[in-house]
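S.K.: One-letter residues, chain by chain:
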Amino acid sequence: MKNINTTPDVTIKKINEYLKINKRFDGRKTDEFRDLIIEKDVSNKAEGSVRVKLGKTEVIVGIKADVAEPYPDSPDKGNLMVTAELLPLSSSRFELGPPKFDTIELGRIIDRGIRESGVIDFKKLVIKEGEKVWAIFIDIYSINDDGNLLDAAGIGALVALKLAKLPKYNEKEEKVLHDQHDKEIPLTDVNPIPITIHKIGNKLIVDPVKEEEDASETRLTIGISDGIISSMQKGNIFPLKDEEIFEAIDIADKTWKELFKKIEKFLKSK
Amino acid sequence: MTEFKRPDGRKEDELREMKAKVGIIPNADGSAMYQSGNTIAIAAVYGPKKMHPQHKQDPKRGVLRCTYNMNSFSVSERIRPGPSRRSTEISKIIEWSLEPVLDLDRFPNTVIDVHINIIQADAGTRCAGINAASMALAHAGIPMRDLILSIAAGKLDKTIVIDVNKAEEDFKEGEGSTDIPISMTSSGEITHLQLDGKINSKQLKKAIEMARKSSKEIYEVQKKALKESVNLE
Chain A
161 MKNINTTPDV
171 TIKKINEYLK
181 INKRFDGRKT
191 DEFRDLIIEK
201 DVSNKAEGSV
211 RVKLGKTEVI
221 VGIKADVAEP
231 YPDSPDKGNL
241 MVTAELLPLS
251 SSRFELGPPK
261 FDTIELGRII
271 DRGIRESGVI
281 DFKKLVIKEG
291 EKVWAIFIDI
301 YSINDDGNLL
311 DAAGIGALVA
321 LKLAKLPKYN
331 EKEEKVLHDQ
341 HDKEIPLTDV
351 NPIPITIHKI
361 GNKLIVDPVK
371 EEEDASETRL
381 TIGISDGIIS
391 SMQKGNIFPL
401 KDEEIFEAID
411 IADKTWKELF
421 KKIEKFLKSK
Chain B
499 MTEFKRPDGR
509 KEDELREMKA
519 KVGIIPNADG
529 SAMYQSGNTI
539 AIAAVYGPKK
549 MHPQHKQDPK
559 RGVLRCTYNM
569 NSFSVSERIR
579 PGPSRRSTEI
589 SKIIEWSLEP
599 VLDLDRFPNT
609 VIDVHINIIQ
619 ADAGTRCAGI
629 NAASMALAHA
639 GIPMRDLILS
649 IAAGKLDKTI
659 VIDVNKAEED
669 FKEGEGSTDI
679 PISMTSSGEI
689 THLQLDGKIN
699 SKQLKKAIEM
709 ARKSSKEIYE
719 VQKKALKESV
729 NLE
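Chain order of the listed sequences is A and B. Residues are numbered in this note's numbering as their position in the first sequence, beginning at 1, plus a constant of 160. Residues are numbered in this note's numbering as their position in the second sequence, beginning at 1, plus a constant of 498.
Everything labelled a hint here was simulated from the structure, so no lab data went into it. Don't take each hint at face value.
As the list claims (entries may be wrong) - Distance windows between CB atoms, simulated:
#1 Gln552(B) with Lys343(A): 52 to 58 angstroms
#2 Lys547(B) with Gly387(A): 45 to 51 angstroms
#3 Lys216(A) with Gln692(B): 35 to 41 angstroms
Remember, it's a predicted structure, so these values are computed and weren't measured experimentally. Ideal Cβ placement from N, Cα and C applies to all residues, glycine included.
Bound conformation, chain B alone (with noise of 0.2 angstroms):
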C-alpha cells in the first residue's frame, strides 16, 4: 500500500469515535443524537400524524417526510438559516435511504416528519443525520424492517478510507479528496449513495465494502442506544 498518513493519525478503516443517545427531546415521538468525531447531528420524529394539505395525503400509504437543517454557526463561515439548495437535495436524498425500510403501507393518508439538525459540523453530516434519523425512527416506535447505517467513505489522493472529517475532504494532493456517502440496510443493501471526485470502478467497489464493514460498527452504536433508552425493569 502507500505511505499515506491520514491527518488525525487514524487507520485506513478507521471511524472517528461515536457517540449515540437516544430520546433527547422530550416533545418528540421519538428522538436521537449521533456523534462521529467532532460532527453532532440531532433528529426527531413526529407521526405518523394526518397529512396536511389534504391533497398531498397518500390513501395508500403515509408519506415520509425529511428535513436537513444547519445551525448557522455549525461551520467556519456562517451560513445564513433557512432552507438552502443544498439542505433541499440532501433533505430528499435522506428520505430516499430512510424509506426503503419503513412499513408506510400501515399508515394511508398521514405523514411521518424527521427534523435533522447539524448542531456541530466536520464534514459527514448527512451521514450522521441518517444514522440519527434511523434511530429516532425506531424510538418513535415506527414499524421497520431494519435500521439504517450511514458513513461517508472517501479516496484522498489513491487511498480508500473511511469516515471522511473536513480537513480530508478539503485534501488537495494528488488526486485530490473524493467524498462517497453510503446507506445501507444492516444486511447490506444500499439505500443512498452519492460521490463527488474521481474514482474508478475498482476503487468504488473497494470503498463501498470498507463501509460495509464499517456499518456493522455504527449497527451495534444505533443497538446499544436503542436498548439504554428502554427501562427493561
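Chain A extracted, bound-state conformation (with noise of 0.2 angstroms):
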C-alpha cells in the first residue's frame, strides 16, 4: 500500500529488533490481528454497505447493482466490478489524479478473491441469457489508512455482499427500481477473506500498522474460505521460501477461523 516510505530507519530498525524476540510495538502477537469494528448501512442510497475498522484503518465499502448486458464471453453469468479509490483524505500519502497501482492492485485482488471463490453464484444473477444480467459493483473507499486496507477491504466486500439486497427489476419497462430492494444477492456458502502475511525479517506478521508495512520485505495475500485457497498474490522484490509460503498458509486458515467467527457474531447481531 505504499507510496512514498516515510516511516524513519531507525523505527524500521526497531520493528526488526522487537520482532526477533516476538515483540510488536503494540503489545500484539505476530499472528494477531487488530480489534475488528463493523458497521452496516452507513450509505442508504447503497444495495448494501459497511464500515470496516482495524484498529485505527477505516474503509467504506458499498455495492450498486445494475442491469446490463452480460460478457461475450460468459452470456449465462452476471457481472461483477470491483473499483478502489485510495482517497487523499485518508492519508498524506494517496495523491490524486489518475488511479496509482496500489489502488488498481487493492481492486483487482478483492475482485479475483470475490470471483475466483464462487461466493456470488453469478449464473443466478442472469435476468436473459445473452442479453440482460445483474451487474453487481463493489466500491472501496479508503477513509484513514493506518495498514492493512487490503484485508479490511476484503472484508468489507464478502460482509457488504452479505447485506445487499437487488433492487427491484420492472421488465416490460426495463428499468431498474434502485429505491425499491427485494431479493438477496444470489451467495453459496463460501467465505472469501483475503488475508496478507507480511514478512519483516525472519518473522511472518498478519494485520500490519503502516510502519509494520513500511519495514516490509515481502507480503503474500492468500484469498482463503475454510481451508480452500481461492486466491493469491505475492507483492515486493524478496524472495519466500516453501517453507515460508506453508507457514503463511497455515496462518491464513487460523486468521480466516478468527475472522469469520466475528463477522458470523455480526450478521447474527443485526
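Could you use the hints to bring the two separately framed chains together as a complex?
M.R.: Here is the structure:
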C-alpha cells in the first residue's frame, strides 16, 4: 500500500529487533489481528454498505447493482466489477489523479478473491441469457490508512455482499427501481477473506500497522475460505521460501477462522 | 401564505436534523463529519505543507486546494468513481467559499489540502461538504477569522424554503424547484452563492434572509462539535 516510505529507518530497525523476540510495538502477537469493528448501512442509497475498522484503519465498502449486457465470453453469468479509491482524505501518502498501482492492485485482488471463490452465484444473476444480467459493483473507499487496507476491504466486501439486496427490476419497462429492494444477492456458502501475511526479517506477521507495512520485505495475500485457497498474490521484491509460504497458509487458515467467527457474530446481531 | 406543504412535513424555515463530529480521521491534521438529514459529508485537512510542484508555490501566501468527491454508491444510480466536470467545479466553488476567512499570508509557499468525501447524498452535498470543511480547518488549527456556514435555500413553486432535500429538488409542480446554495460567515457576509431555477429579486432577498437566519443554527452545531473535540480537563 505504500506510495512513499515515510517511516524513519530507526523505527524500521527497531521493528526488526523487536520481532526477533516476537514483540510488536502495540503488544500484539505476530499472528494477532487488531480489533475488528463492523458497522452496517453507512450509506443508504447503496444496495448494501459497511464500514470496517481494524484499529485506526478504516474503509467503507458499498454495493450497487444495475442491469447490463453480459460479457460476450459469459452470456450465462452476471457481471462483477470491483473498484477501489485510495482517497487523499485517508492519508497524506495518497495523491489526487488517475489511479496508481496500489489502488488498481487492491481492487483487482479483492475482485479475484470474490470471483474465483465462487461466493457469488453468477448464473442466478441472469435475467435473459445473452442479453440482460445483473451487474454487481463493489466499491471500496479508504477513510483512514493505518496499514492493511486490503484485508479490511476484503472483509468489507464479503459482509456488504451478504447484507445487500438487489433493487427491483421492471422487465416490461426495462427499468431498475433503485429505491425498492427485494431479493438478496445469490450467494453460495463459501466465505472468502483475503489475509495478507508480511515478512519482516525472518518473521511472518498479520495485520500490519503502517510502520510495519513500511518495514515489510515481502507480502503474500491469500484469499481463503475454510481451508480452500482461491486467490493468491505475492507482492514486493524479496523472495519467499517454500516453508514460509506454507507457514503463511497455516496462519491464514487460522486467522480466517477467527475473523469469520467475528463476522458471523456480527451478522447474527443485525 | 400559500398552502404549500413540504414533502417531509418540515416548516419552511426548518433545517433537517444536523449531526456533526470533529476528529474522525486520525491521519489528517484536521477532520470532521457533517450530516444534514440523509446527506453525510466528511472532510480532512492536510497541511499547511510545502507545495509541490514548486512552480505552483506562491511566495506571498499559502494556497488553499479543495477536492470534492462523491462515493459511487452515495446516489441511487451509481456514479463512476473519480473526478467529473461537476466535481471539478464544486471543488473550486468550495475553495472560494472558504478562503475569505483563512489567514493564508502566514504560510507562504505552502498548500492546505481540504479533501471532501460525500458518503450519502440527499441534496445539499456541497453545503454539507463546506460545513465539514469549515470545522476540519478549525480543527487543524489553521488561523481563521470566522467559521463558514453553508445551507441550500430553495424555492418550491412560489414558496421559499430552507435546506432542500432530493425529493424537493426534483419538485416539478407550478414554478418547479429553484436551488440556491449559500455560504456565509457568522457575521453574515456571503462567500458563496449559486442559483439554478427561476426567481425574482424580492424572492431571492427573502431566501438570503432565511439562509442567514438558519446559518446561526449551523454555527452553533459547528461550535459545539469543535468544543466537544477538545478535552479541556
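S.K.: Against which earlier hints does the structure fall short, listed by number upward?
M.R.: As far as the earlier hints go, not one is violated by this structure.
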